[in-house]
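Trainee: Spelled out, the chains give:
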Amino acid sequence: MLSYALRRTWQMVPTLAGVVLLVFFLFKWFGGDPATIIAGLGATQQQIEAIRHTLGLDRPWWVQLGIFLREIVTLNWGASWATNEPVAHLFLTRLPATLTVMIPILVLQTVVSIPFGLGVAVVRGSLTDRAAMAITTVALSVSFLVYVLVGQWLFGFYLAWFPIQGWSDSVLTNLIHYAPLPILLAMFVSIAPTTRLYRSFFLDELGHDYVRTARARGASEARVLLRHVMRNATIPILTNIATELPGVVVGSFLIEVFFSIPGLGREILLAVNRSDYPVIQAVTIYLALLTMLINLLADLLYRVVDPRVRLN
Amino acid sequence: MNAIASFAAVPDSESSPGVWQLAWRRLRGDRVAMVALAVVAAYAALVVASLVGLVAADWTREVGVPYANPRFLGPTVDESVKIERPSGPRVDLSAVDPLAPRYAEWDARAAQIQSVSAPHLSTLTFGGDRLGRDVIAKAIKGTQVSILVGVFAALLATAIGTALGAVAGYFGGVAGDLMEWFYNVFTAVPGILLIFAFAAVFGRGTATVVLILALTGWTAVYRLVRAEYLKHRGREYVLAAEAIGASHFSRMFEHILPNVSHVVLVQLSLLVVFFIKAEVILSFLGLGVPIDSVSWGTMLNEAQSELILGKWWQLAAATAFMAVFVTAFSTLTDALRDALDPRLRQG
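As given, the protein sequences belong to chains L and R, one line each in that order.
Taking the working numbering, the leading residue of the first sequence gets 1, the next gets one more, and so forth.
Taking the working numbering, the leading residue of the second sequence gets 313, the next gets one more, and so forth.
Heads up, a few of these hints could be off.
Simulated restraints, written as ranges between beta carbons of each label pair [what the hints assert, rightly or not]:
| hint | chain 1 | residue 1 | chain 2 | residue 2 | range |
| --- | --- | --- | --- | --- | --- |
| 1 | R | R343 | L | R223 | 50 to 60 Å |
| 2 | L | L99 | R | I395 | 49 to 59 Å |
| 3 | L | V123 | R | M346 | 52 to 62 Å |
| 4 | R | N571 | L | R223 | 26 to 36 Å |
| 5 | L | F30 | R | T372 | 45 to 55 Å |
| 6 | R | S562 | L | L95 | 26 to 36 Å |
Listed below are several chain R residues computed to face chain L (Cβ distance under 10 Å; list not exhaustive) [to be verified]:
| hint | residue |
| --- | --- |
| 7 | P378 |
| 8 | F384 |
| 9 | G386 |
| 10 | F494 |
| 11 | V501 |
| 12 | V513 |
| 13 | G517 |
| 14 | T518 |
| 15 | S559 |
| 16 | H560 |
| 17 | I620 |
| 18 | T631 |
| 19 | V638 |
| 20 | A640 |
No wet-lab data here; the hints were simulated from the structure.
Bear in mind the structure is a predicted one, so any value in this text is a computation, not a measurement.
Note that CB positions come from ideal geometry on N, CA and C, so glycine has one too.
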């Protein structure tokens, strides 16, 4: 187990190096000149030159790559170009708001979709199943934006059951006052695709011989489904959750924009709009690292869920 | 001589139908898929008509009053009390008004200029937007932009993914490792974040959106095409092609590609839907098509503030146009996948 984990960690190095190179050259070759962006419109040539010198932009590209690597390793990205706020501080202060909204979404979505998916998988081919599939197809065809737009208008503005948007400093107030509407809307939107996906996982398992054997042995349907099928379907479900976890950290950009939640997703979007390169670069690289770590963790978890899985 | 002629004629009459023919036969038997195909064809016709200027060419014209109602609602009754313009001669203020001596001159000047105020309709077929532009014309133009962005981005992404996947799967070795590395790097960053990073660098514009989506979205195609090439490169027909002296390029793209093209086609149509949705979100966030252009995303963006004023028609129009197309296209894609590869049929 440990040697596997170590080997996998070692294998991450080239990929991570690739991400660093991708981000570096993407911004270096295609991005605007950082000095002109920082200096603003009314800057003199002298000021721009001064900024270029401070940032090391007047030195060869491999020296710049070195500076870039040092920033990554030391976690010292300097300050945001737009607000002068240290990038590390920006991360730490925006993350709690994102997690307050995104963790309940992920948990609720999984908890609700598993019985839905299992339910329609069991009655596959029936009218209920086909109706559910038709509804999810249509539901998926409407843009996510429309649900949030209409939901925010209906529940926040028209019925006034929830505040339209807002955020406070207290986690509790946020959770019971400001977060429910975004959480419910995002959950509602994600149920259709997740149910479809989980249904296909359950269908895969239901076709296996062990299900027939268990039934032949006289096991009750509930036991077959909950003990045998569920346990085996956990692996693809876990994989799916693992792939969604990095997204949780970024938060749904749209949810945070719509509801003015001061989270990481909204901050990234602001950074994109303001050409605030250090913030975008830092987020991209650390999130790539996080994604890889989560994938590794998921692979290790499989072993716990299913002892048959061989790690090699 | 005779024997040869009859031999050549035989395969024609008894040849087994090809994979595409079989697929088309299966697809034609699927009534839902045929309806979806008709809808997609109608949209394609609409896009072409809009592209050549047959419909919605003047979508920017302000034909109605701001937020003109849809015709079935009737015009908005203006309840605000209008202040009547006082009639009669002007009160003589020349003692206190320093501008008074020039009024006559200005009146004369004003009379020389002819101004025509275009009549603005109080209702439009399905309402107007903030500037009084026809929502239906706007939605048609938006359909054109959104669908074309989705299709072109999907074509480009599929081309990239297929080329890289073919090289990686066919050659393997160092080239394959290099491609795998590329793939790992691009999939290491969560998709939406990668799109944002590219958007931050490339700026805005319709062509830019196509480029961004294609450069970030080729990975799924790559993975499947690579797997197919790995499977096919050792098959007899490829070895036979090598034996008759076909070049690597010819073997990759003339012999193997037609045999894996069904995989590519299904991926292409999946990407179209995905990219259309992505474009809508990007445009909504102001990172997509420029402001002098319209797409479903920019319409939804405007709808956000209109909804509070009770002007729901732009939202409804954009949503309806998009929902019908995406539902039809997704249904068609599913049917296409089933028809091309019956083993994959689910449910």
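Trainee: Next, verify each hint and record whether it holds.
Mentor: For each hint, the structure was consulted:
For the pair R343 (chain R) and R223 (chain L), the beta carbons lie near 40 Å from each other, so the given range of 50 to 60 Å is not met. Take L99 (chain L) and I395 (chain R): their Cβ atoms lie about 56 Å apart, and the range 49 to 59 Å holds. A C-beta distance of roughly 27 Å is found between V123 (chain L) and M346 (chain R), which places it outside the suggested range of 52 to 62 Å. Distance hint check for N571 (chain R) and R223 (chain L): the Cβ-Cβ separation is about 46 Å, which falls outside the suggested range of 26 to 36 Å.
Between F30 (chain L) and T372 (chain R) the Cβ separation comes to about 32 Å, which falls outside the hinted range of 45 to 55 Å. About 54 Å separates the C-beta atoms of S562 (chain R) and L95 (chain L), a value inconsistent with the hinted range of 26 to 36 Å. Interface restraint check: P378 (chain R) against chain L, minimum CB-CB distance 20 Å, threshold 10 Å, status violated. Hint status for F384 (chain R): violated, given a least beta-carbon distance of 21 Å to chain L, over 10 Å.
The criterion of a C-beta within 10 Å of any C-beta in chain L is not met by G386 (chain R), whose closest approach is roughly 23 Å, and the hint is violated. The closest approach between the C-beta of F494 (chain R) and any C-beta of chain L is roughly 7 Å, which is under the 10 Å cut-off, so the hint is satisfied. For the restraint placing V501 (chain R) at the interface with chain L, the shortest Cβ-Cβ distance is roughly 5 Å, inside the 10 Å limit, so the hint holds. Checking V513 (chain R) against chain L by beta carbon gives a least distance of about 5 Å; that is within 10 Å, so the hint holds.
Violation of the interface hint for G517 (chain R) is found here, the shortest Cβ-Cβ separation to chain L being roughly 14 Å, above the 10 Å cut-off. Interface restraint check for T518 (chain R): the shortest CB-CB distance to chain L comes to about 18 Å, outside 10 Å, so the restraint is violated. This hint is violated: S559 (chain R) has a C-beta 31 Å from the nearest C-beta of chain L, more than the 10 Å allowed. Contact between H560 (chain R) and chain L, as hinted, is not supported at the beta carbon level, the nearest pair being about 26 Å apart and thus beyond 10 Å.
Hint status for I620 (chain R): holds, given a least beta-carbon distance of 6 Å to chain L, under 10 Å. Checking T631 (chain R) against chain L: minimum C-beta separation of about 5 Å stays under 10 Å; hint holds. Proximity of V638 (chain R) to chain L holds as hinted, the smallest CB-CB distance being about 4 Å (cut-off 10 Å). Against a cut-off of 10 Å between C-beta atoms, the interface hint on A640 (chain R) holds, since the closest Cβ of chain L lies about 9 Å away.
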